[in-house]
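Visitor: Sequence:
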Amino acid sequence: MTRFYISTPIYYINAEPHLGHAYTTMVADAVARAHRLMGEDVFFLTGTDEHGQKVERAAQRAGLRVPAFADAVAEKFRALLPLLNASNDDFIRTTEARHYASVQALWRRVRDRGYLYKGQYSGWYCTVDEVFVPETQLVNGRCPICGNAVEKISEESYFFRLSAFQQALLEHYHRQPDFVTPAIRRNEMIAFLEAGLEDLSVSRTSFTWGIPVPDDPAHVMYVWFDALTNYMTAVGYGALEPERRATFERYWPADVHLIGKEIVRQHAIYWPAFLLAADLPLPRRVVSHGWWLMDGAKMSKSKGNVARPHEYIARFGLDALRYFMFREMVFGQDANFADEAILTRYNADLANDFGNLVSRATTLIHRACEGRVPAPAAALLARPEEAHLRESTARLITQVVEAIRSFQLSVALRDTWEVIAETNRYLVTREPWKLAKAPDRHEELAASLYVAADTLRIVAELLRPFMPVTAERTLAMLGLTPSPDGWRGLEPGTLKAGTVLGETVPLFPRIELSVEDLRQMSTDTPVSSAPAVSTQTSAVPAVPTVESAVIAASPAPEPPGTARVAAQVEKISIDDFMKVELRVAKVLTAERVPKSKKLLKLHVDTGADQRTIVAGIAEAYEPESIVGRTIVVVANLQPAKLMGIESNGMVLAGSLDGGEPVLVGFDQPLAPGARVR
RNA sequence: GCCGGAGUAGCUCAGUUGGUGAGAGCACGCGUCUCAUAAGCGCGGGGUCGACGGUUCGAGUCCGUCCUCCGGCACCA
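What the first sequence shows, in my numbering, is residues 12 to 688, in sequence order.
Hints are computed from structural coordinates only; laboratory data are not their basis.
Errors might be hidden in some of the hints.
Said to hold, decoys possible - Okay, derived cross-link-like pairs now, EDC-like style, lysine to aspartate or glutamate, Cα gap no bigger than 16 Å in a straight line:
1) Lys608 / Glu633
2) Lys608 / Glu630
3) Lys609 / Glu633
4) Lys129 / Glu209
Unchecked claim - So the derived label-pair ranges between C-beta atoms look like this:
5) Arg521 / Glu429: 40 to 46 Å
6) Pro650 / Pro188: 50 to 56 Å
7) Arg603 / Ala229: 46 to 52 Å
8) Val341 / Ala90: 26 to 32 Å
9) Arg436 / Glu260: 49 to 55 Å
Glycine included, C-beta positions come from ideal geometry on N, C-alpha and C.
Put together the whole structure using the sequences plus the hints.
Guide: Set out below in structure tokens:
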């Protein structure tokens with residue numbers, strides 16, 4: 012049996028799971044399910060990346076020991092999977108013992124073949140924050156975090172001889188034209204390779220939350236050497252048990268690493284270089300998708316405009332969310348995630364076109380044929396209208412398979428909806444509701460309803476990877492269960508006459524809400540942490556209705572121990588707070604900082620003095636508009652240089668979801684100098 | 001400023017390697033069926049394919065210049 016191994020990235024646990032993570036997982040899931048239906052032996056992997064200094068620090072901020080923090084956040088990612096109906100075969104964590112064994116085995120192998128050496132990693136180091144600061148992030152030669160001087164120091168580090176693989180990688184790119192897709196990413200990688208490769212620092216001594224370097228425990232491995240290796244760990248690399256080793260032989264190399272476009276270099280250059288160094292087979296393909304934009308802006312943890320999948324699942328149902336994301340994102344490109352768009356897709360595509368079609372077709376059979384699939388006369392199936400729809404349906408099977416093989420899920424769904432529309436047109440052409448009233452036209456009635464039901468059977472089978480629950484419910488209405496043979500023998504005409512239909516139940520009740528209503532719901536009500544979502548095995552899952560959407564969106568207690576961990580911050584005392592000197596100030600002058608997008612240079616009167624403050628509010632405020640305005644500043648902040656201008660203090664402003672800043676103000680005018688607390 | 005992406009109908013976008021008179025969905029208007037989730041079906045209005053120049057028998061598609069928008073970074077203390 013052909014085997015098919017697909018992975019998602021392992022998700023880094025310094026932030027909460029969001030729609031972007033959910034999307035990658037859902038795409039991998041749909042592709043994995045499709046390959047299972049094609050009769051392949053599928054291994055579908057996802058998991059969490061848990062090491063590194065960022066996690067160490069996030070744990071500190073949360074006031075937790077690092078392993079406890081990692082457990083809590085990793086659990087959130089793991090808990091998302093059933094919510095997405097993900098059919099992953101394994102969930103790997105880089106903190107697991109099997110992964111330590113695997114990574115260390117790979118390290119030894121690469122080391123013994125001469126591709127690792129010890130050297131000095133040098134950079135700018137801030138002793139206050141205890142971090143290396145990349146040269147590009149220095150603010151006038153000072154630490155961007157605390158503003159103190161940084162010093163150039165060196166840290167012992169192991170280096171990987173990445174430079175040795177430039178030629179081999181370029182050759183591989185030319186031998187395997189589809190190694191990296193889409194083409195734009197492949198071209199970027201080739202350009203990167205042609206520019207030359209520098210050796211890669213792959214260990215650190217400045218933190219300890221990582222996998223120790225074999226035979227040199229003062230070092231832990233740095234980021235990618237650890238993380239990427241998970242793809243081999245999960246299928247048994249580095250294991251001692253014979254059966255695990257056999258698993259590795261069976262599933263490695265992976266067929267597809269599915270990733271987001273921001274980590275192409277690591278997967279398409281570093282990872283294959285590590286494998287070349289170890290003389291291990293390279294993954295067949297690295298496939299990257301674009302980003303989901305929220306109203307045109309990139310969704311990111313740092314910006315805070317992060318959409319969580321839960322609320323959309325609660326509102327529209329999981330399958331509708333899956334449909335929307337698969338249908339809306341063109342392979343390789345960015346896509347916009349808008350409430351209006353998902354609402355439109357739901358009502359137009361799912362409710363009107365598909366749900367209603369299933370409803371009308373099955374109802375007709377219930378009424379006119381006593382709930383049994385009628386037997387069609389061969390001569391009537393050969394008429395042009397019938398032949399045409401049957402041909403379209405037969406063609407759809409290959410179209411969907413081809414689209415999935417090239418990861419164009421939107422194309423697969425677009426083509427499927429073309430057949431759905433054709434079936435709606437077919438019913439109008441045949442008008443079975445009229446035939447049912449003419450006793451002498453039973454043959455025609457039977458043929459038309461048979462063709463409709465047979466088409467819906469095939470459509471439902473083809474929808475299984477995309478909308479597993481919906482597919483199953485549709486088949487149940489037709490009196491069927493998902494074919495155990497998958498997509499083999501799907502051809503038109505294989506529906507058995509006499510099949511007793513199940514009860515007709517609306518698949519996607521129309522949602523008669525305006526976009527404003529939806530927005531209202533999402534801002535008014537906290538989102539439940541785990542709305543009930545049916546899994547693939549339940550026969551009659553919950554139907555999203557307006558009512559249930561409202562209910563599901565009501566607050567629910569978060570599970571103890573996992574909730575809000577990342578958001579927890581250390582509590583400070585009143586004394587700590589009083590160290591911050593907040594003062595009312597008045598803006599005297601304001602001007603744009605040249606060549607800057609976000610910065611305004613302000614002269615302010617703080618009551619006690621006049622000073623210059625540089626504030627990152629230029630995107631929201633015109634300089635003229637804030638002169639004379641009363642603001643709040645942090646008066647006792649250490650000076651910092653921004654774009655070469657010394658800033659003495661900080662202007663307080665709030666922002667919604669990382670959007671444009673809004674200045675803090677007062678109900679009544681206050682004179683400069685007043686203390687704020 | 002550097003790097004990257006994008007400009008096609010009111011809106012959201014499709015348009016492989018240049019080749020039938022430029023498309024879909026949504027929205028809108030009109031008509032129509034009545035089986036169906038007030039759904040379906042038909043017809044219609046609308047676009048100098050960002051601008052200019054070039055290559056070509058032929059350019060939305062290739063090349064050049066420019067304009068605009070977006071993202072990332074440099075700058076959000």
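Visitor: Next step is simple, just say for each hint if it's right about the structure.
Guide: We went through each hint and held it up to the structure:
1. Lys608 / Glu633: Roughly 12 Å between the alpha carbons, so the hint for lysine 608 and glutamate 633 holds.
2. Lys608 / Glu630: holds (7 Å)
3. Lys609 / Glu633: The hint holds at about 11 Å.
4. Lys129 / Glu209: holds (15 Å)
5. Arg521 / Glu429: 40 to 46 Å: violated (22 Å)
6. Pro650 / Pro188: 50 to 56 Å: holds (55 Å)
7. Arg603 / Ala229: 46 to 52 Å: holds (49 Å)
8. Val341 / Ala90: 26 to 32 Å: Cβ of valine 341 to Cβ of alanine 90: about 30 Å, so the range 26 to 32 Å holds.
9. Arg436 / Glu260: 49 to 55 Å: With Cβ atoms ~52 Å apart, the hint holds.
This entry does not satisfy hint 5, going by the numbered hints stated previously; all others are met.
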